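Trainee: The residues making up each chain are set out below.
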Amino acid sequence: MSNDIPLALYFHWPYCLSKCPYCDFNSHVAASVDHERWRKAYRAEIETLHHQFPDRVISSVFFGGGTPSLMEAHTIAQITGDIARLWGLGDDVEVTLEANPTSTEAAKFADFKAAGINRVSIGVQALNDPDLKALGRHHSAAEALEAVAIARRLFERFSFDLIYTRSGHTLKAWEAELRAALPHADGGHMSLYQLTIEAGTQFQTLYDSGRLTIPEDDLAAQFYDLTAAVMEDAGMPAYEISNYAKAGQESRHNLAYWTYADYAGIGPGAHGRLTFYGGPNAQDAQAAAAHTRIATRAHKAPDIWLKTILDVPQGSTAGAPASAPYSAFQNPEILTPLMQFEEMMMMGLRLRRGVDLDAVHARTGIDPKDHLNHAAIAALCADGYITQNGTIIALTAKGMPVLNAVLRAILL
Amino acid sequence: MDQKNIRNFAIIAHIDHGKSTLADRLIQRCGGLEEREMKQQVLDSMDIERERGITIKAQTVRLEYKSKSGEMYQLNLMDTPGHVDFAYEVSRSLASCEGSLLVVDATQGVEAQTLANVYQAIDNNHEIITVINKIDLPAADIERVSQQVEDVIGLDASEAVPVSAKSGIGIDDLLEAVVARLPAPKGDPNAPLKALLVDSWYDSYLGVVILVRVIDGEIKKGQKIKFMNAKAVRDVERVGMFTPKPVLIDRLGPGEMGFITAAVKDISDTQVGDTITTEKHGADTTLPGFKPSIPMVFCSLFPVDNGEFDKLRDSLGKLALNDASLHYEPESSQALGLGFRCGFLGLLHMEIIQERLTREFDLDLIPTAPSVVYKIHMTNGDVIDLYNPVDLPDVVKIKMIEEPMIKATILVPDEYLGGLLQLCQERRGTQIDLTYAGNRAMLVYRLPLNEVVFDFYDRLKSISRGYASFDYQLDGYVENDLVRMDILVNNEPVDALSMIVHRSQAEYRGRGMCERLKDLIPRQLFKIAIQAAIGGKIIARESLSAMRKDVTAKCYGGDISRKRKLLDKQKEGKKKMRQYGSVEIPQSAFIAALKMGDDKK
Ligand SMILES: Nc1nc2c(ncn2[C@@H]2O[C@H](COP(=O)(O)OP(=O)(O)OP(=O)(O)O)[C@@H](O)[C@H]2O)c(=O)[nH]1
Ligand code: SF4
Ligand SMILES: [Mg+2]
Numbered sequence: 001m002s003n004d005i006p007l008a009l010y011f012h013w014p015y016c017l018s019k020c021p022y023c024d025f026n027s028h029v030a031a032s033v034d035h036e037r038w039r040k041a042y043r044a045e046i047e048t049l050h051h052q053f054p055d056r057v058i059s060s061v062f063f064g065g066g067t068p069s070l071m072e073a074h075t076i077a078q079i080t081g082d083i084a085r086l087w088g089l090g091d092d093v094e095v096t097l098e099a100n101p102t103s104t105e106a107a108k109f110a111d112f113k114a115a116g117i118n119r120v121s122i123g124v125q126a127l128n129d130p131d132l133k134a135l136g137r138h139h140s141a142a143e144a145l146e147a148v149a150i151a152r153r154l155f156e157r158f159s160f161d162l163i164y165t166r167s168g169h170t171l172k173a174w175e176a177e178l179r180a181a182l183p184h185a186d187g188g189h190m191s192l193y194q195l196t197i198e199a200g201t202q203f204q205t206l207y208d209s210g211r212l213t214i215p216e217d218d219l220a221a222q223f224y225d226l227t228a229a230v231m232e233d234a235g236m237p238a239y240e241i242s243n244y245a246k247a248g249q250e251s252r253h254n255l256a257y258w259t260y261a262d263y264a265g266i267g268p269g270a271h272g273r274l275t276f277y278g279g280p281n282a283q284d285a286q287a288a289a290a291h292t293r294i295a296t297r298a299h300k301a302p303d304i305w306l307k308t309i310l311d312v313p314q315g316s317t318a319g320a321p322a323s324a325p326y327s328a329f330q331n332p333e334i335l336t337p338l339m340q341f342e343e344m345m346m347m348g349l350r351l352r353r354g355v356d357l358d359a360v361h362a363r364t365g366i367d368p369k370d371h372l373n374h375a376a377i378a379a380l381c382a383d384g385y386i387t388q389n390g391t392i393i394a395l396t397a398k399g400m401p402v403l404n405a406v407l408r409a410i411l412l
Numbered sequence: 001m002d003q004k005n006i007r008n009f010a011i012i013a014h015i016d017h018g019k020s021t022l023a024d025r026l027i028q029r030c031g032g033l034e035e036r037e038m039k040q041q042v043l044d045s046m047d048i049e050r051e052r053g054i055t056i057k058a059q060t061v062r063l064e065y066k067s068k069s070g071e072m073y074q075l076n077l078m079d080t081p082g083h084v085d086f087a088y089e090v091s092r093s094l095a096s097c098e099g100s101l102l103v104v105d106a107t108q109g110v111e112a113q114t115l116a117n118v119y120q121a122i123d124n125n126h127e128i129i130t131v132i133n134k135i136d137l138p139a140a141d142i143e144r145v146s147q148q149v150e151d152v153i154g155l156d157a158s159e160a161v162p163v164s165a166k167s168g169i170g171i172d173d174l175l176e177a178v179v180a181r182l183p184a185p186k187g188d189p190n191a192p193l194k195a196l197l198v199d200s201w202y203d204s205y206l207g208v209v210i211l212v213r214v215i216d217g218e219i220k221k222g223q224k225i226k227f228m229n230a231k232a233v234r235d236v237e238r239v240g241m242f243t244p245k246p247v248l249i250d251r252l253g254p255g256e257m258g259f260i261t262a263a264v265k266d267i268s269d270t271q272v273g274d275t276i277t278t279e280k281h282g283a284d285t286t287l288p289g290f291k292p293s294i295p296m297v298f299c300s301l302f303p304v305d306n307g308e309f310d311k312l313r314d315s316l317g318k319l320a321l322n323d324a325s326l327h328y329e330p331e332s333s334q335a336l337g338l339g340f341r342c343g344f345l346g347l348l349h350m351e352i353i354q355e356r357l358t359r360e361f362d363l364d365l366i367p368t369a370p371s372v373v374y375k376i377h378m379t380n381g382d383v384i385d386l387y388n389p390v391d392l393p394d395v396v397k398i399k400m401i402e403e404p405m406i407k408a409t410i411l412v413p414d415e416y417l418g419g420l421l422q423l424c425q426e427r428r429g430t431q432i433d434l435t436y437a438g439n440r441a442m443l444v445y446r447l448p449l450n451e452v453v454f455d456f457y458d459r460l461k462s463i464s465r466g467y468a469s470f471d472y473q474l475d476g477y478v479e480n481d482l483v484r485m486d487i488l489v490n491n492e493p494v495d496a497l498s499m500i501v502h503r504s505q506a507e508y509r510g511r512g513m514c515e516r517l518k519d520l521i522p523r524q525l526f527k528i529a530i531q532a533a534i535g536g537k538i539i540a541r542e543s544l545s546a547m548r549k550d551v552t553a554k555c556y557g558g559d560i561s562r563k564r565k566l567l568d569k570q571k572e573g574k575k576k577m578r579q580y581g582s583v584e585i586p587q588s589a590f591i592a593a594l595k596m597g598d599d600k601k
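The listed protein sequences correspond, in order, to chains X and F.
Going letter by letter, the first sequence gives residues 1 to 412 in our numbering.
Going letter by letter, the second sequence gives residues 1 to 601 in our numbering.
Hint data in this document are derived by calculation from the structure and do not stem from the laboratory.
Every value quoted in this text rests on a predicted model; they were computed, and no experiment measured them.
Any given hint could be a false lead.
Computed footprint of chain X on chain F, listed as stretches where at least three residues anywhere in the stretch have a Cβ under 8 Å from a Cβ of chain X [stated by the list, open to error]:
1) 90-101
2) 521-528
3) 538-549
Beta carbons are placed, not taken as given, at the ideal position from N, Cα and C, and that holds for glycine.
Chain X extracted, bound-state conformation:
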């Protein structure tokens, strides 16, 4: 039953040189990292995952973090090699690495390419040095653009990120910055994020005490609209809330999240959505037809994550023991059909193309007729926040920046 079903793989590398003040990712600063130990752990995880899902087709691989460009190229080569050995890894499969654009990391891009990376996503964040400093970044604007140039030479597909609505940011300054950045993107892919104040970050402390202000609500909405217009103009329209690309240049890995496909997360704090068709021990045809979808989350702390994988009593790291579970299965959450329905709507509506209600119905078994507020949908269509074409519901440009409110209104 699970033959040929795509599976996206996410690897989390939790370390950074320092913690950026706006960042709430699972990132840690460590004095030293035992790369050998990490290679062992990744290998063990890949093998046990393969043991559970041997027949999948790997559709994309993504190295995120933290700062995965701080990984040794050797580690990446081992991982891509293991994937190729166990499932097979076609040349056309997107293998992305997130990278910070310091000169040291950019110097490693060629090695990463040799290790199997075919796409990089670079955290440029801003094109002026004082703002980069305020964001706690270690690179200059010039260094970042140099890293982008290297990526552009080496990789057919690449992307970079910018953060806007920064402290003191004006519409005019952002437009100039964005227009200056565009030529470097080479008509490919950019992620443009509005700065948000996340709980537990240094920015939150500053923000709460009034020492940091950022453009909010109405002004932020103007930034968003401006961004959409500039990118549309440049031939890289928004295909997701914060992602812009020329047709065909979209991030396939991220599309797996947004289209609610299966993905496995390996590494501390990594998330997964995995479907068991018939369950691992299906006895009969009926059981085999039923499926269970689970949400997984690996332990967030790097050391504990490593320990749970490597320090198992019989501790086989080479050749997965038949009974060894993939570490993230330790606390799986079984997703009820209704939860899946909500998640699929939540994620699908992030995409410009929207969600197909028939597909949602088929995937989750939940009939959108009974679980959506159709009066609200009609009203939102009339007010220009969403469109409905047959069974497809999609946000309009006006609806994109208010997705959460739209979801609250339409989900019962």
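Assemble the complex: chain X is given as a structure, and chain F with the ligands must be docked to it using the hints.
Mentor: Only chain F with the ligands this time, still in chain X's reference frame:
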């Protein structure tokens, strides 16, 4: 103890003049508590009292005092609250004893509640000892304050006792004055039992505890007693006194104060002011009891969760047992469901009750705007008491509306007099009297109560930088041009926000409410009209533009669970929101909008 060695007295004063601190010193001097058990304002035992630094409940303590002449005395002291909203506690305390210590802050002088309390003490035929407190402070001016005591109150200041309740100066002299000057009770030990039910409350260990003052006869364990007005008979289970720790004893004789427990289940059996006697051969006449309290300010309380209505009723019952001035009655609102219309002595009282319900009973409440009781004269001659603006009958059937008035006494240093006169004028007041005592003006105004329940007190304090003091009493009803103002959100009236206002103030009030709501109602995906209307006529409007941004910019690494949980929580929150048309007004917005009538000013 022999009655001639008993002294029962209340400590009364304006708020913060140091009653509870004085009680501390008296307790300490008489050895009621050991040094390590002592803390500041030890009688303020409720969390709310300690946090706010004010007394809310009167407390009674029995102390043993050995006078300079070597004789033992039993002193029953009652510490009372100073804030005008708790005046009912004071009046019951005064009715339970024979003397008063009138505390006057040597840095502040005579204030509005000093006057109000002293008049009550005189009404109760009390012997009064004036205590000039806080003499340790550099700003203390004993001379000037003594002069005020003579001029304003008319007491002989030469007999006043200067003390520092904080440092203990003068406490010995005060105790001597208490035994020498205050009268002993004169009960009849051989007459049938007659005890005054002073107070009652619920204690999780003892059950319902009843505070009594024995007038005649004695009350003891095992006795069958009768609550004369409630017509209930119970067995006395325990007899005790507060030292201030509860201590069990066998009996309370004439002139003594203490507590009993008597297996009381039904709260309505314990009406304060009732007379307790023995079941057999009991007294045949009751004591005069207490004047009933008259609630001045009303508001409705609704549980956020409609399932908690019964819990709210039980909780109000428990609080009312302990607070005879709290009144409540069930009511229902279209917008907010089932709840209670509650009557309070003032805004602070209202706030305290709301807070206690939330804290002590873990209730989530939506309170409505405070309002007063109007008299509606109908064209057919009927007169209706209107407790809730929503119930206002059709205007064509109304002949006229009367509103309650108060007589307010304000004492203020003369440099702030101008500002206060203006405030009273704005609040539709008429001046009755203006006199001076030294550099202080005593201002008497007649004002509509409705104008006072909102933010009058706050304004008074801010205009006078905290120096003005204020006391009031009800002063009849007067006809006025009153109208009901409704608030409409997206053209739907919100019943809990309706209020009765004077026509001349409607526009100003309406504008304030609309502006406030505009800030409080979260923006929606569509524009919202917020309007104030009288009848069908819109008198103020605001519009709230549609929201522009509400999105999670980054959805990292497939972390959907957190987003889903957040969304589920918001959807859960929706249940708590009351829907008006398609506008969701969250509870927090209700509470904030209703908190004050017009503090925008
Ligand atoms: N310096 C000084 N401060 C005092 C004295 N007596 C009381 N205070 C202070 O005055 C404040 C009010 O004292 P309380 O004893 O709570 O006053 P109260 O009259 O019981 O107040 P309410 O019960 O709220 O009416 C406290 O901060 C006391 O510490 C005194 O003799 N000297
Ligand atoms: S480099 Fe990236 S992951 Fe690391 S702290 Fe900065 S923003 Fe977070
Ligand atoms: Mg006190």
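Trainee: Indicate, hint by hint, whether the structure satisfies it.
Mentor: A quick look at each hint next to the structure:
1. 90-101: violated (count 0)
2. 521-528: Check passed, 3 qualifying residues.
3. 538-549: Result for this restraint: holds, n = 3.
Hint 1 alone, counting from the list given before, is not met by this structure.
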